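Chains as they are written, first to last, in numbering that gives the first Met the number 0: chain A, 0 to 224; chain B, 0 to 179.
Any given hint might turn out to be false.
[To be verified] Cross-link-like lysine to aspartate or glutamate pairs, in silico, EDC-like; alpha carbons within 16 Å at most:
no., chain 1, residue 1, chain 2, residue 2
1, B, K134, B, D150
2, A, K67, B, E47
3, B, K63, A, E183
[As the list claims (entries may be wrong)] Pairwise CB distance ranges, derived in the manner of DEER restraints:
no., chain 1, residue 1, chain 2, residue 2, range
4, A, A71, B, A89, 19 to 27 Å
5, B, N67, A, V57, 23 to 31 Å
6, B, A93, A, P177, 54 to 62 Å
7, B, G131, A, E7, 20 to 28 Å
FYI, nobody ran anything at the bench for these hints, they're computed from the structure.
Since the model is a prediction, treat every value here as computed from it, not as a measurement.
All C-beta atoms, glycine included, are put in the ideal place defined by N, C-alpha and C.
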Amino acid sequence: MSDEIEQELKALAAEYALGLLSPAEARAFEDLMTTDPDLRDAYAEWVEDFVTLTDGIVPQTPPASVEKAIEAQLFPQSKTVSGWRARLGLLPAALTGAVLAAVVLVAFDFGPKGPEFEPELVAALGGDGDSLRIAASFDAETSVLRVDRAAGTAADGRSFELWLIVGDNLPVSLGVLPDAAVAEFVLPAQLASGAILAISDEPLGGSPTGQPTGDVLAAGALTPV
Amino acid sequence: MATPAEIEDLIGKMSLGDRRAFSAIYSATSAKLFGVVLRILNNRADAEEVLQEAYVKIWQNAGKYQVNGLSPMTWLITIARNQAIDRLRARRAATSDLSEADAIADPGPGPEALAIAASDGERISACMEHLGPDKADAVRRAYLLGETYEDLAAHYRIPLNTVRTWLRRSLQNLRECLST
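The whole structure should be built from the sequences, with the hints applied where relevant.
This is the structure in structure tokens:
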């Protein structure tokens, strides 16, 4: 390529970066770029240079309403972390000491007692009188989380889905509860301590979005035995 | 402020649908991007809407980030800048009847152009000085005010083809200076 043509193309890349080309010219330039890596580089070089025209612009914190509007637009059906916290807050009894103690007992009395399953952590999801009551226990040695449902069945055409919530992270699905009362899930041991387990009501087979879509029916924290 | 490597990592996570990465990138970069769109649009309500549009684009296009070869902050600022310029041009088109009279009466660099002149990075600033004040001003007007060749021709009261020729030559000189 002659220097002159190269210079012309570089100027064209600058005009494209500035937005000076007509729509038809801009499209033609984009087509050229897809096949010409030098042109892509020339464009990138200009953009890196022009962007320094904003170096002295002082950052301004946008109002909080903007982030809310963006999240509402991008994630219309999801529950935000704070939303989850608020909903878990509706289940304070599940986290009180008295209920925990009671459920720890439940876990020992009725929980599965395989010879190799020695839980270090337990959680009670739902308390006395709740329609859904689950005792969960976790054995760090084998990374097995055992879930024992004492009460509650999913409605027709619905599933119970088990979620793990670590710190401020979004819930991670551990899977749908099978019909059997006792089920096992595998959970990385380093995530388990202090994490919250929650059950939500979901369409048959589990949440289509990867995040809880239905009501939280029960929740509890994994705490040392 | 997050490092470029951290922002790049967050863009990668966003492309996999990680909403926490989106929140993190928003916290780390929204003030800069809002500053830029506010400067371009000079109107808070418009700037808030454009910031929203920009972050929606950023989320949707995160997967294309790796192929365009830009540094992460450049990529983010460019999306916001382009979105703001689109808005500015639409606004200008909608009020062109009113502003045409103003444009003709405009004697020289307006107050907004003077305000933006002080905000350049050092390297481009030095090379812009070599271009001469009118040409440097025209580049800034195009980048920060979204002015087209038509706008520039009206502003400098020279024919469209002439403005295009001298701006292209200026850009070639600018590239030469920036490359040395």
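Task: Hints that the structure is at odds with (numbers, increasing) - done: Structure breaks hint 3 only.
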